[in-house]
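Protein chains in written order, with the working numbering: chain L, 40 to 133; chain R, 40 to 133; chain S, 40 to 133; chain D, 40 to 133.
No lab work stands behind these hints, which were simulated from the structure alone. Note that the coordinates shown come from a computational prediction; the quantities given were computed from them, not determined experimentally. Heads up, the beta-carbon is just placed ideally off N, CA and C, and yes, glycines get one too. Any given hint could turn out to be false.
Unchecked claim - Here chain L is said to cover these stretches of chain S; the calculated rule only asks that three of the stretch's residues, wherever they fall, bring their Cβ under 8 Å from a Cβ of chain L:
#1 48-56
#2 97-108
As the list claims (entries may be wrong) - Which residues of chain S face chain D? A partial, calculated answer using Cβ under 8 Å:
#3 V77
#4 I88
#5 L121
Protein chains: 4
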Amino acid sequence: MSLTKLTEVEIAAAIAQLAGWSVINGKLHKKFQFKDFVAAFGFMGQVAIVAEKMDHHPELFNVYNRVTIDLTTHDVGGISRLDVELAQKIDSLI
Amino acid sequence: MSLTKLTEVEIAAAIAQLAGWSVINGKLHKKFQFKDFVAAFGFMGQVAIVAEKMDHHPELFNVYNRVTIDLTTHDVGGISRLDVELAQKIDSLI
Amino acid sequence: MSLTKLTEVEIAAAIAQLAGWSVINGKLHKKFQFKDFVAAFGFMGQVAIVAEKMDHHPELFNVYNRVTIDLTTHDVGGISRLDVELAQKIDSLI
Amino acid sequence: MSLTKLTEVEIAAAIAQLAGWSVINGKLHKKFQFKDFVAAFGFMGQVAIVAEKMDHHPELFNVYNRVTIDLTTHDVGGISRLDVELAQKIDSLI
Chain L
40 MSLTKLTEVE IAAAIAQLAG WSVINGKLHK KFQFKDFVAA FGFMGQVAIV AEKMDHHPEL
100 FNVYNRVTID LTTHDVGGIS RLDVELAQKI DSLI
Chain R
40 MSLTKLTEVE IAAAIAQLAG WSVINGKLHK KFQFKDFVAA FGFMGQVAIV AEKMDHHPEL
100 FNVYNRVTID LTTHDVGGIS RLDVELAQKI DSLI
Chain S
40 MSLTKLTEVE IAAAIAQLAG WSVINGKLHK KFQFKDFVAA FGFMGQVAIV AEKMDHHPEL
100 FNVYNRVTID LTTHDVGGIS RLDVELAQKI DSLI
Chain D
40 MSLTKLTEVE IAAAIAQLAG WSVINGKLHK KFQFKDFVAA FGFMGQVAIV AEKMDHHPEL
100 FNVYNRVTID LTTHDVGGIS RLDVELAQKI DSLI
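The shape of chain L in the complex, shown without the other chains:
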């Protein structure tokens, strides 16, 4: 299945199935908060493995117990089904 940029309608439908994700600056976006840095890092390590396995990598921002993730697909110039899949896999880690 070739990779395409999702339409606004498709993105809205995808977000309706995802808890806490929104579209910010054209990217799937979510903020996570953990009890401390150690827990945040445990999460980031898992995100790293899941992302590399998909060959699809997030923008990851961390400071102390907070992690912010932005997902977009460079090759299609927007959000693709890969971003939605990665968002689902990230949520399943928690």
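We have chain L; now place chains R, S and D onto it with these hints.
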């Protein structure tokens, strides 16, 4: 407080407060099982941070979703209060 | 030693001893690039351990093989000697 | 390509191309030593990602700055080409 080898009575008292730890081959020992390798690795990453922060490192064995941890204190030739503290911190990660 | 905000002169002197670090938006700032995501993540894992051991945490941004680090000390409202120490320790990882 | 157990001749040929690997207890085996625990953990994090991406996981043992890796393929009851591939990928991390 200087570091000493705990007596058998002290170790027994410590283990009574710890869930799932036993003494095997003179080391505090516990097996952990996770839903998959990604979860096991997230745990190991957290153990690594906690251990380095204490300057006290476990023997860590991993295969797929299983992690085995053995704790002993080389400097006292046995189990010390550091091993008990690290065991408590490891349990608090879960 | 109490923690204080470094003066501009002190920061300039510190940066002169650090390779690749500058002050951006009032924070010690450096960009790192690795051969791939796996190498970038190996680096981030080490930064995490070093930071937690110092109880001083960076702002960490990662996308694929690039890692950006910003250092500041919330308690002093600027850059402190802790940021300089963490920058040195991060550089020593490479 | 179906997965088969490598013959002794095939294993010997593979090991001849790998630095520091031997067969111990029917597994591809190598010991690694790093300057400290932080470096050892950075390595283990990378091994974890590479392994999960292959869906082929090592036996990993760590204590302080030392990491021991054993590779075998449960489904064939011995060493397969997957173990040789993972050994190559692990070596390329260093």
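Here's how the hints hold up against the structure:
no.	hint	in the structure
1	48-56	violated (count 0)
2	97-108	holds (count 7)
3	V77	5 Å, holds
4	I88	5 Å, holds
5	L121	18 Å, violated
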